Each structure stands twice: as C-alpha cells, then as structure tokens.
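First to last, the sequence lines map onto chains A and B. This note's numbering puts the first sequence at residues 1 to 561. This note's numbering puts the second sequence at residues 1 to 84.
Source of the hints: derived by calculation from the structure; they are not laboratory data. Owing to the predicted nature of the structure, the values given are computational and were not obtained by experimental measurement. A couple of the hints might just be wrong.
The calculated lysine to aspartate or glutamate pairs, modelled on EDC-like cross-linking and capped at a C-alpha distance of 20 Å, are [what the hints assert, rightly or not]:
(1) Lys73(B) - Asp483(A)
(2) Lys320(A) - Glu44(B)
(3) Lys322(A) - Asp76(B)
(4) Lys4(B) - Asp262(A)
(5) Lys81(B) - Asp483(A)
(6) Lys73(B) - Asp485(A)
(7) Lys322(A) - Asp139(A)
(8) Lys73(B) - Asp262(A)
(9) Lys320(A) - Asp76(B)
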Amino acid sequence: MTEGLIHPGLVLILGALLLPFLRGALRSAAIVALPLLVLALVWQVPDGPAWQLRFLDYTLAPLQGDKLSRLFATIFSLMAAGGGLFAMTQKSRVEVPAAFVYAGSAIGVALAGDLVTVFVFWELMAVGSTLVLWSQGTDASYRAAKRYLMIHLMGGVVLFAGVTGHIVATGDVSFGRMVLDSPANWLILIGFLVNAGAPPLSAWLADAYPEASWSGTVFLSAFTTKTAVYVLIRGFPGTEFLIWVGLFMVFYGIIYALLENDLRRILAYSIINQVGFMIAGIGIGTEMALNGAAAHAFAHIIYKALLLMSAGSVVLMTGKRKCSELGGLFHTMPLTAACGTIGALAISAFPLTSGFISKSMVSQAALDGHFLWVWLLLTAASAGVFLHAGIKFPWFVFFQKDSGLRPAEPPASMQWAMVAFSFLCIALGIWPEPLYALLPYTVNFVPYTGAHVVSQLQLLLFSGLAFFVLLPYLKRTLTITLDTDWIWRTLLPALLRNVGMPLAKAWNMLLHAAYVLIMESMSLVLYQHRQDGRFARTWSTRSMALWVLVLLLGFLVLYYL
Amino acid sequence: MDEKPHWLDHPSNVKLLWRGFLVVLLLTVLAGLFVPMHPHFAIEAIFGFNAWYGFLVCALMIVVAKGLALLLKRPDTYYDKDHD
Chain A
1 MTEGLIHPGL VLILGALLLP FLRGALRSAA IVALPLLVLA LVWQVPDGPA
51 WQLRFLDYTL APLQGDKLSR LFATIFSLMA AGGGLFAMTQ KSRVEVPAAF
101 VYAGSAIGVA LAGDLVTVFV FWELMAVGST LVLWSQGTDA SYRAAKRYLM
151 IHLMGGVVLF AGVTGHIVAT GDVSFGRMVL DSPANWLILI GFLVNAGAPP
201 LSAWLADAYP EASWSGTVFL SAFTTKTAVY VLIRGFPGTE FLIWVGLFMV
251 FYGIIYALLE NDLRRILAYS IINQVGFMIA GIGIGTEMAL NGAAAHAFAH
301 IIYKALLLMS AGSVVLMTGK RKCSELGGLF HTMPLTAACG TIGALAISAF
351 PLTSGFISKS MVSQAALDGH FLWVWLLLTA ASAGVFLHAG IKFPWFVFFQ
401 KDSGLRPAEP PASMQWAMVA FSFLCIALGI WPEPLYALLP YTVNFVPYTG
451 AHVVSQLQLL LFSGLAFFVL LPYLKRTLTI TLDTDWIWRT LLPALLRNVG
501 MPLAKAWNML LHAAYVLIME SMSLVLYQHR QDGRFARTWS TRSMALWVLV
551 LLLGFLVLYY L
Chain B
1 MDEKPHWLDH PSNVKLLWRG FLVVLLLTVL AGLFVPMHPH FAIEAIFGFN
51 AWYGFLVCAL MIVVAKGLAL LLKRPDTYYD KDHD
C-alpha cells in the first residue's frame, strides 16, 4: 500500500462539485486545468494495489494500476480536458460539472482493482451521464434521459447480481480475468455489454446521445462505451462469443447510420460500429488483438469527440440537426469543415491518421489467427465505415447541395478544442510510437508497409467511388428507422394499455367480489350470533329434545342403509 | 447574396476533381503491381482484391440498408405523437 497517493478519479469528482461556485476566468481555467491535474495524478499510480480497504470480510483495492488501467485513465482525463475546453461557453451550469463527475467515475472504473469498486463507479457514471443529458433542459432530452437511465439502472442491477454471485461463489473480490462457467459471470458479462451498446439493447445509445446539448454529446460519446471496452479487455479477453457480438455491432452500426438523417444520430450509430471492432478484437483475444482493441479505444475517443465537436458546432450555429436541411457549410465554416473531415478520415482509418495505426492491429490479429471469415467481415466493415461516417457525414453536412445557410464559425474555445483534437488524430497517425508504448503488451506491428498502405487506399477509395456512384440511393429523407427501442417506447406501453390494463381491471373486480363475499358471510355469521340470533338465543327443553330425537332417528336410518 | 463564389461552386472544378479522383483510383490499383502485397489468404492474391471487394461490399451494404428501410422506415415524427 502506497501512502499519501491521491485517487485521480475522486479528485475530478470532488473538483466537479466545486466548479459551480467558480465564475469567469477562474472557472474557464479550472475546466481545463483540473483534468490535466488529474492526468498528472494518473501517472503517479504505481503497478499493483495502491489503496486497500476492508469492507465486510473482503479486502478491496479501490486504486490499482497497470498499463491497461493507466492507458484508459489517461485518455479519459485528456477527453475531459478537451471536452471541457469545447464546452467552455456552455450556458448550462450543470453540464460540465456533471460531465466531470461522469469522467471521474470512468477513471474510477479504469483504476479499480476489485469488482465492488467497479460497480460503485459504474453506477456513478450512470448518474453523471444522465445529468449531462438532463442539463440540455428540453422535453425531448428529459424523456430520453429517463429511458437512458432506465436501461442503465437495469444493466446495473444485472451487473450487481453477477458481482454478488461471483463473490459468494469464489470468495474473491479482485477484478481479473473471468471464465463463463457460472451464471454469475454471465450476468457480469451481460451488465458490461449493456454499456458497450451491444444487442439487443443497443438502441439506447442512438436514442439518448443526440438529445444532449451541442457539447453534451461530445462527453457522452467518450466514457460509457469505452469503459465497457476496458472492463471487457480485463475481464473477458479471448471469449469467442464476443467476436460475433462485435461483428454484429459493426454492421448494425453501418446499416442504421446509412439510413439516418440526423447528423448526430449518424455518429451515434457509428460509435456502436467502432466499439464493435474493439469487441471483436477482445473476442480474438491474442496480444495483438487486445493491443488493437485498447489502441482503437484510445484513438476512437479522440476522433469521435472531434466528429461530434464539429457536429455540435453545426447544431449550435445553425440550430438544425437534419442532413436534409444542411449542406454547403464549408463556405462560412471552413475550419469546422476541415476538422470534421479530419475526424472522418481518422475514423475511416486513412493512412496518416490515428485510425490507421489502431484498427489495422485488430485486422492483423484476425489475419494472424487465420480467421478468414472474421477478417473478410472486418475488411468489409472498414469499407463500410468510410461509407457511413467517412464520407456521408462530411458530405451531407458541409458539402453536397448548397443549403444557403451561412453560419459563422463557432466561438474561439470550440475552435481550439477542434484544432487540438485534429492535431492529435494526425500526430498519432504519423507518430504512433508513444501510443504503442502505452499499450498493455509489447507491440510487434509495423503499420506503414507498402502492402498495407496500398490495400487500405484501394479499399477506402473504391468505397468512396461506391458512395458517389450510388448517391441517388442515399438521398436523405425525413425518416427514422425503427430500432429495438421501439419495444420499450411503443410495444410495451401499448401492451400495458391494451392487455395489462384490462387484466388489471379484471383482477381488481375479482378481488372486490371475493372481498364482498367474505364480508357478507362474516356479517351473516355475526348477525346469527347476536343476542337473539339463531345460534345465541336460549332454546326451550322441548324443542331440544325434539331435535335430538330427529338426529338419533336420522343416524339409525343412515346406519341401516 | 454578394459573396464571391467558392472555387468548389464551379461545376468545371468539380468535374476536374472527379477526373483527379478516377486517376488516383487507377493509380492505387496499379500500385498493387509494383508493391509486394504479401497475400495471407488465397482470395487476397486476386488482382486488385481490396478495390473490387471494397466497391462490392459497399454496394451490398447499401442494398441491404434499403431493403431494411422498406420494413422499418417511419416518418421522423413517429415517436412525437405519443406526447401530444
């Protein structure tokens, strides 16, 4: 146990609670300085348990480090700083503090050495993220936050049941590799997968995130799903079932994003698509694959935040969010358009961007393991990413037909945040060694080989050709595509109204009838036991003798029958 | 509007960009002849694999998406009616 070490996640959470009392320049400085201080603290966390705590009969390790933990805690702190800078001019006084509680809890999960601590921070993340959604203050965001919270609390209950079962069965609270040999461990896996945006509940993500404010979605995109990726890397590496979950998510994200008209819902579906790559990597489970999943999570947080920053700038400056109403914004928002395009190239894994040096490790792992079908599907999905996010997003928002909108660039703090994250996307693409050095295993991978660059360029540019050739089929319409949230937004309420309510009514009538029956018979009994009642009054000896005679005769007759 | 048209607004420039794009496409396929590609699977060894595979799967994904849309597409006011 290391004495005097401060928990970086708690610093961010407590700091967030002080933020509402700051004003002006002090607040602006704190919003960026606090996460950077936290980043410095993350790097003080040594390998092994740094804090130990007795709880019931167990020894908890609420603060524990290794390379994987520090990698995720690092990117979460960086994200909080970048998101804070972007949200500097946000009017809501709740959003940034809530986002910092959310980020601090994500760091708490990344640095947790035991399952109890994981669970506590896991739930705190749900609270922080719900507040971020809520702080937008519209009716739609309020309702979306309610649905979001419902799903996450349910996921939390499943996780809690799993954690409890695991601890009771094994007597071990530590958070390490688990095997799917008990119902408890399955419940833990399901709890993790709910937050990862895995089927069948995946719709919570695209339902909730786009309802947050222009800056809120940037925060939301980073923490929940990537914390889930982190716990899956630590808890369930090499679980083959995850390969197929990941591949499903990859294509689900592409197909739904292709049909989507809301610019931030396109990006929300593409989060699920990207997390699918990571989960497939975790399922493959080799060192190369896990490195790839971790590196991809790191790179993804940056470029997805960048994409949502450019989308948020458009939403803030135009007040519009549908692709069918946008277009031609490069005229007056050249910087936003350029940064959005850099993010789009990075998510597509274009050479010289961060996506290229991270995603290719997952594909390489599939290649090394001779998983032909997995590799073919991952390659198809890479092409699909360029289709649905790489071109579709910048094309429909910043280019295509001219919508006539001439919005100005967003405020300087937002521009700086976008420039900083664009810089990171390209810097990691050109100079991946610092990121490779942070990965959990030694990296034996050279991204820039002639074959790799040529094949990736062929794949992406011909996907681009497909996009423009088939553009008439991709025309935006004022539609949504039903997703699984239909079940809890339409089907279940309708069932409740049309089946549940009548059933409840019938049940109530039955209860009432039984109640009346019991009360009536009770009062009849009471009535007959009153002073002059049939059972309570004094009877004459004559009639008594008569009735005894009748009874005895009756007995005699029955006896001979 | 008295703003100066952007160079991208000229159809001739867009045409030029298209031609440039097609030349780049051709170059990436030809580059496959000169760069050692180290195919791992047999299918990768087919000439220009990534080019035609990328194009075909993208077309396929668009077809699948359109097919799914036939079943699941709704007006974007679909959920609003629950709250009026």
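So, going through the hints one by one against the coordinates:
1. Lys73(B) - Asp483(A): holds (10 Å)
2. Lys320(A) - Glu44(B): violated (44 Å)
3. Lys322(A) - Asp76(B): Within the cut-off at roughly 10 Å; holds.
4. Lys4(B) - Asp262(A): Judged against 20 Å, a Cα distance of about 30 Å means the pair is violated.
5. Lys81(B) - Asp483(A): holds (17 Å)
6. Lys73(B) - Asp485(A): holds (14 Å)
7. Lys322(A) - Asp139(A): This hinted pair holds, its Cα atoms lying about 19 Å apart.
8. Lys73(B) - Asp262(A): holds (14 Å)
9. Lys320(A) - Asp76(B): holds (14 Å)
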